Structures are given as C-alpha cells and as structure tokens.
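**Student:** Residues per chain are reported as follows:
Number of protein chains: 2
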Amino acid sequence: MELIRIPRIMHDTSRGHLLHGRSIGFVPTMGALHEGHLSLIKRSKDENDITVASIFINPLQFGPSEDFQQYPRDTDGDIAKLRKAEADVLFMPDASSIYHEGFATYITVDKISEKLCGAFRPGHFRGVATIVAKLFNIVKPTRAYFGQKDFQQAAIIRKMAKDLDMPVGIIASPTIREHDGLAMSSRNLYLSEEERKAAGVIYGCLIQTSEMIKSGIINKEKIKGFMKEKLSAEPLVREIQYASMYDPETLDEVENAGKEALLAVSVKVGGTRLIDNMLVKA
Amino acid sequence: MELIRIPRIMHDTSRGHLLHGRSIGFVPTMGALHEGHLSLIKRSKDENDITVASIFINPLQFGPSEDFQQYPRDTDGDIAKLRKAEADVLFMPDASSIYHEGFATYITVDKISEKLCGAFRPGHFRGVATIVAKLFNIVKPTRAYFGQKDFQQAAIIRKMAKDLDMPVGIIASPTIREHDGLAMSSRNLYLSEEERKAAGVIYGCLIQTSEMIKSGIINKEKIKGFMKEKLSAEPLVREIQYASMYDPETLDEVENAGKEALLAVSVKVGGTRLIDNMLVKA
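Heads up: the protein sequence lines correspond to chains A and B, in order.
Per the working numbering, the first sequence starts with residue 1, numbered consecutively.
Per the working numbering, the second sequence starts with residue 1, numbered consecutively.
Read the hints as simulated data drawn from the structure, not as lab findings.
Bear in mind that the values here come from a model prediction, so they are computed numbers and not experimental data.
A hint or two may mislead.
Note that the list lumps identical chains together, so a pair holds whenever it fits in one copy or between two copies.
Said to hold, decoys possible - Taking lysine to aspartate or glutamate and the EDC-like style, the derived pairs with C-alpha atoms no more than 16 Å apart in a straight line are:
1) Lys228 / Glu249
2) Lys162 / Glu101
3) Lys111 / Glu101
4) Lys140 / Asp165
5) Lys42 / Glu239
6) Lys81 / Glu101
7) Lys230 / Glu114
8) Lys220 / Glu260
9) Lys84 / Asp180
10) Lys224 / Glu239
11) Lys281 / Glu211
12) Lys228 / Glu193
13) Lys84 / Glu193
14) Lys84 / Glu221
15) Lys224 / Asp247
16) Lys214 / Glu47
17) Lys197 / Asp247
18) Lys162 / Glu253
19) Lys197 / Glu234
Required output: the full structure, derived from the provided sequences and hints.
**Tutor:** Structural data, given as structure tokens:
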C-alpha cells in the first residue's frame, strides 16, 4: 500500500492511473476504521482497478461544541487494517495542506442539508460537502463509497455530484452491524459498557417499526409514537433528537409510508450522539 | 468546429482528449462575442492542444431586477466568429440540461465576493462560481481563460479553484479596448450613440489616475476624490457605484498605493452598468 500525504502527489498518482485507463474507487474516512469502512474497501476493490482510502478528520464538519478534539485517532491500527484489506493507496493529508490560510470557499446543498441531522448540527453538511468536493478533485475517483448508516450524508453527496456535474458515481453500501444490531460507528468507542448494551435499543426499534409498517400500520403519528415509546423505554437514552419516517429522496417527514420509506433515528446514549436508519418497503 | 449541446457528450469528448494526453484550453462566455473574447480564444489556442469555448447565459448570476431577459444574444454571429478564430469545440448547452428541476447546490467564495460588484449584485458571484465549477467538471480544462476587465470575477474563480483543489490553471488575460479606450463588453451594445461617447470617460479616468499615482500621489482620499470628480464631470454618468483603489488580492480598499494597486470603477452610463479596472505600480 502506498501512503501519500501531499495533495499534489495524490493528484499526479490518480492522473497516472486514469491515463492508463484504470478506474479508481475511493473510500473517504475519518479513520478509527471498523468493519463498516472495510466493507467499503472490499466493495471498491471488487468494482475498480485501484482503491484509494483517505483518512482526514475534517475540522470543517465539527461544530464548536462538538467532538473534533476527542474524535478517536488510531493511525497505526488504521494503516494495518487497510494493508490487510489490500487498499492500494492511503491518502492521509495534514490539515494545513487541505485548509491553507485564508481558505474561504464553501459548498452548500440546500434543503436536504437542513433536515434530520442538519437541524441539530448547523454547518455540518456544508463542511462535509466541501471536504468531499476537495477530495474528489484531488483523488479523481471513478466511484466513491459511503456507508448507508450516514444516509443523509450519502444523499447530500449524491445531490452535490449531480448538481455540479462531478464525474463520479456515488455508491451507498449497506450498514454493517454488531451482533446485537448496533450500527458500526467510530463513535461507538465513546460508549461505556452499560451504554453500549443500552444502544442496542436503536436497532430493535427500527426492526420492530419496520415490521409494524409491513403489517399495514403506515400512519406517521402511530409510527412516531411507537418509536418514541420504544426508545424512551431505555433509561440511558438521554435525548431523542429525531425518530420518524421520511421520504428517502427529499428527507421530508411523510404522513403515510409509501412504497419506500426511510426510518431514521438520532438519540443520545449517555453523552454520545448515535444515528441509524432503515429503508422499509410497505 | 464541433458544436456540442449535451453535457454528457462534452464530458466524453474532453475525456477522450485527456486520455490522448492533449491539453484543453477553455473560454467560458455568455455569447455576444467581441474582440475581448476572441483574444482569449487566440491565447488558449497558443497555449493548448484543444480549445473549447462555451456559450451559456447563466440565469443564476442575474438578480431579479437585472438584464437576463435582454442580455444580447447572437448565436449565428457567435458561431461564425468562433469558426473564424478556429476554436475546436463550441459547448452550448440548454438551460434545462444545466439546471435540472430541484437543483440546490451552490458554491460561495466568502469575503472577496462581498466587495466591489458583490456589494451591488447580491448572489451574482455565487451564480458565477457555481456555473464555472459545473463547466469545469464538464469540460475538464487544463487552463481556463478570463478577461481582466472582470478582475473580481477572475480573482474569485482563481480562489475557488485553489480552495477546492480544482486541477485547472486560471489565466486572466489583458482587457481589450475600443479606440477611445472603452473596455470591450457585450453590454456596450446597450449604449446609445451619445452614451457610447460618454463612456470613454471611464478609461480616461483610470489613465489619469494611474499617472497621478506614478507621479507620487498615493493617498486614497486624494485618489478617490480625483476619480469621482473626473467621472462626475460627464453628465451621462448617472451613478458612481464605486471608484477607488484596492488591494489586488483581498479587494479591500487601501489607504496608500503600495507596490501594486488596483484602480476599479463601476458606473451607470444612462441605464447601463459598466465596469473597468487597471493595475498600477506605484
């Protein structure tokens, strides 16, 4: 695996591959890699000639009161995992080579950025869209891979790529889960043993709600009521930020589950914010 | 000259050239071509293997009370001029293939977009940055050419390309002028015969001010006073939007002309808004 730290060299490396007609799969990450990330590497390797992973903890997508400082960092462990997964290139730039002094250009995706997590994390998706556009310009992927756990993030990036004519395919790959169903996330490392057990309630809630919908109960208020009840039953769930049924395209809440609905949840378990979602066919 | 209307075909055409190792020079325009545009085509041809011009009147960069509807259109004349100038490709997309329904992604370049013209045309440079990013993604130029008459526009695009790691060289080429010094602009077509004569005052003002600076008078207030006096002396100058001395990088007004200063002017001659500028070395 080639380790590249300088954007210019990453750019030239990708350009070389493209000039040779090779396709490039790209898995952007913030490190603290888990099985979810590695499933994206695997899929990228299956679908492309070259697979590039990146590790960059993007300060622009953290709010002033968020967890940028304590976000888990494990560079050596990450490199070992990526080598084992046979990624071809790891791009790991310094913050100063990504955001030079006087940086002032931002990409916003209106409407869908304001819903769900966007309502609780102002500026977050502007930070995500901007860094992803930069990484796309540096890495020049043919296809880029994102976890469906971050459904809204993948939807926003897909919209950005379409609206700005970026020549890259955006692929959202299924969420990888722990044995009790908890969606894998680097932030699960924040959970105490007790909180970790309690966090299983999120998946339980999604599964039971999807079964409710399949059984014919499709009204939003009923579904929302059921989800709140399930989540609130767990004493370590400290706050429910959202838990409802949405249109998978617009991310607007829907009154009744149509042919496809998105169940999405954001809760705080102890002090840790966790999200999850599930696409349900009625 | 190849005429391409469909973004996907433009994309594939450029990709083919790049795969053959050919450099692409790009001259984005809104049509109504004049000698200024053609000088950019000539320079692009000198510096690149392939030259692509585009014609697209971008609705996103016009305010609701601005001249989108009456902006001059002369497709047949433009095509003839580009053929004569030996452009290789003309990309002329329909508005619907550029802004599909639900388009929602915008690029903003903070700070320098708010100065000068930005203060009088809210949203204008957001529209410019967004369309140029889209065109860059479709045309994939090695180098892109802009007129120095639109100094702020070129500065914003250069900043955007740097901040977002766009792999394109941004080149601002000298303003081409009429015999009396009036900067060539498609909007000069709006001027009546009398207004056209009166508009010569702008270049006269810039030349005399630059001579003043070279003679050692470098204080902003003196320079500003002199410029206002010169411009106001012309009865058809209906409004002076700005006329002062700026830092060419930040576009902030400067107190004293340093080693390089930008003189920039925006006035309304009759109902037509005209801009011009000059870089002066003290």
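**Student:** Taking the hints in turn, state whether each one holds.
**Tutor:** Verification of the hints:
1. Lys228 / Glu249: neither (23 Å within a copy, 54 Å between copies)
2. Lys162 / Glu101: Only across copies: Lys162 and Glu101 sit 12 Å apart there, 30 Å inside one copy, limit 16 Å.
3. Lys111 / Glu101: between (30 Å within a copy, 13 Å between copies)
4. Lys140 / Asp165: both (13 Å within a copy, 11 Å between copies)
5. Lys42 / Glu239: neither (35 Å within a copy, 63 Å between copies)
6. Lys81 / Glu101: neither (33 Å within a copy, 43 Å between copies)
7. Lys230 / Glu114: Answer is neither: 26 Å inside a copy and 50 Å across each miss the 16 Å cutoff.
8. Lys220 / Glu260: Only inside one copy: Lys220 and Glu260 sit 14 Å apart there, 64 Å across copies, limit 16 Å.
9. Lys84 / Asp180: neither (26 Å within a copy, 70 Å between copies)
10. Lys224 / Glu239: within (15 Å within a copy, 59 Å between copies)
11. Lys281 / Glu211: The answer is within: 10 Å in one copy meets 16 Å, while 74 Å across copies does not.
12. Lys228 / Glu193: Answer is neither; intra-copy 23 Å and inter-copy 72 Å both fail.
13. Lys84 / Glu193: Classified as neither; 28 Å inside a copy, 75 Å across copies.
14. Lys84 / Glu221: neither (47 Å within a copy, 67 Å between copies)
15. Lys224 / Asp247: within (14 Å within a copy, 56 Å between copies)
16. Lys214 / Glu47: Answer is neither: 33 Å inside a copy and 63 Å across each miss the 16 Å cutoff.
17. Lys197 / Asp247: Result: close neither inside a copy nor across copies, 30 Å intra and 59 Å inter.
18. Lys162 / Glu253: Neither, since 23 Å and 39 Å both go past 16 Å.
19. Lys197 / Glu234: within (10 Å within a copy, 79 Å between copies)
Going through the hint list in order, the structure does not satisfy hints 1, 5, 6, 7, 9, 12, 13, 14, 16, 17, 18.
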